[in-house]
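Visitor: Protein chains in written order, with UniProt numbering: chain C, 1 to 315; chain H, 1 to 298.
Some hints could be false.
No farther apart than 20 Å at their CA atoms in a straight line, the calculated lysine to any residue pairs in the SDA-like style are these [unchecked claim]:
1. C:K30 with H:V131
2. H:K215 with H:S287
3. C:K30 with H:R204
4. C:K30 with H:A194
5. H:K189 with H:L282
6. H:K33 with C:F115
7. H:K189 with H:L213
Note that these hints are calculated values from the structure, not bench results.
Computed from a predicted model, the values in this text were never measured in an experiment.
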Amino acid sequence: MTTLQTAQTAPPQAAAARTDAPRRHRSHRKAITAWLFLTPALLVLAAFTLYPMVQAAYLSLTNYNLIRAAEWVGLDNYVELFGDPAFWNAFWNTVYYAAVVTPVTIGLALVLAVFLDRQFAGRAFVRTAIFLPFIVSLGIIAIAWAFLLDPNIGLLSYWLSQVGIVSGQGVLSDPQWAMPAVMFVGVWKNVGFYMVIYLAGLQSIPEDLHEAARLDGANAWQRFRNVTLPLLSNQTLLVSVMALIASLQAFDQIYVMTHGGPFFRTETLVMLIYREGFQELRFGYGAAISWVLLIFVFLLSMIQYGYSQRRQVRY
Amino acid sequence: MTTTVESTAVDRPAASARRRTGPSYLNTHAAWKWLTAIAGIVIALAMLLPIIWMAFTAFKPESDIVAFPPTLWPRELTFEHFVDVWSRIPFARLYLNTIIFAGSVTLISLLFDSMAAYALARLEFSGRGVVLVLILVLLMLPFQVTLIPLYDMLNSIGLTNTLPGMIIPRMTNAFGIFFLRQFFLSLPKDLEEAARMDGASEWRIYWGVIMPLAKPALLTLGLFHFQYNWNDLLWPLIMSADVESATLPAGLALFMGQHVVEYGLLMAGSLLALLPVIAFFLLIQRSFVAGIATTGLK
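Generate the whole structure from the sequences, applying the supplied hints.
Guide: Structural data, given as structure tokens:
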């Protein structure tokens, strides 16, 4: 930032410098050095991220399916998509998942952070325990969750039945409960990560602000509502962007626990891309779905970014 | 720091006045502390439930696993699952695949990310803004959109079902570049200016000055890359047609899907699969948590 500003505010000197041949040579050489440093990363990004993204856009306009050569079909895939109940099902499942998991995870992370900001014996252990799910493999730990929820031999199913919550065919085969179950695991997985970000935010709030509010007679809830929460809005923004984007891409625990079922009740967009692309091998159609996901994610992050620019807090 | 120290010093008379209000205050205060600690432990155990369940079940004999009612604590201990897992699943193969995949992606990506980050944070050149915007955009877009063309591309050159095919597209990472750039920007400039005065090349400055200073950030990002790839399910699942060429999460998921679920075996395998990441994390926990806490907040 500062370098940009100095470059803008100092055009006379820069112009003078530019007449200086050896210096120009030096800056030229510097630019070459910079591009050399960037080359490996840019090559990889160009070949394995950027190019495939563009290629996906092209494939989405063809009927390519790995066996048959790509044939141009124009917008047929998108027309089919918007009339396809499986797509709308996956779309609304994804929206449902994100609309529940994002706020619940953030709210819980905030509550846990405020709770764990207090001093008490064993605090470090509790923090580590809450953070641990974030670093273990969701695909692997979901096997344990599926087992815990097994209707016959699962411990959690048994505990739930002891308190009167019984699902005969098991939570994961129950069209009503399968989605809440995979949502629950999604929240469980990420809440510790956002909690850590909130904890850092809490620790950066100057203590005298709370002290001043206390002297003014604000109670604990008022101090939280009017001092803590506004000062955490940078963290809230960061966390909500990350949580939203992550929940729109939900896949791992769904693949392991329900495989999109029962009756496609937990099939999200990424699950649908996987099914159409890699099980039905409909590459063109799968690419079209993935582009819809891309645009969806991009729009949402842009909206959130624009919103955030207006309410950044500095202190 | 100083402000907090000062404010507590100023507060002391007030605090001691509060403390003088009598033993009942002290009692409720202590009771609160105990309640908080107990609530904390309960939350911690609830969060750890699947891991605890996994660990205990891995030591239960099959008869205990299917017994009703299920119990957390094993009624009998056995090591058979830890023996069987190596023969029933190509577990050693999966393990080796995962180590090679996650290990090489981590090392190569740390190198490429940090080189790009160095150029973006420390070198002036025209086009820098464009590159930065590109990286931010790539950071925002969901990678799933690349899966089909990437698979197609790697398939056409015979790299599907191979480790290089899995590794090569992950040799750098937009998030890693951005993360390290932010860190490099926060480093003081005087050391590298001194080195530059002495005529050190940019490579020397990058490798000899910046990289040693960036150790905590590199460790944090290293764990990020390592756990992300060690844990990843979708990419290895797509890239491997069978259990043999998969990594642990994909291999275990494939095994779970193909067989009548043998939970004892799966839990033993899962436990072994989680251990390296947990160990790595506990080892560098302090700098890792400090690192993510400040990510993107500058």
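Visitor: It remains to establish, for every hint, whether it holds in the given structure.
Guide: Evaluation of the provided hints:
{"no.": "1", "hint": "C:K30 with H:V131", "in the structure": "holds (16 Å)"}
{"no.": "2", "hint": "H:K215 with H:S287", "in the structure": "holds (10 Å)"}
{"no.": "3", "hint": "C:K30 with H:R204", "in the structure": "holds (14 Å)"}
{"no.": "4", "hint": "C:K30 with H:A194", "in the structure": "holds (17 Å)"}
{"no.": "5", "hint": "H:K189 with H:L282", "in the structure": "violated (32 Å)"}
{"no.": "6", "hint": "H:K33 with C:F115", "in the structure": "holds (12 Å)"}
{"no.": "7", "hint": "H:K189 with H:L213", "in the structure": "holds (11 Å)"}
Of the numbered hints given earlier, the model fails hint 5 alone.
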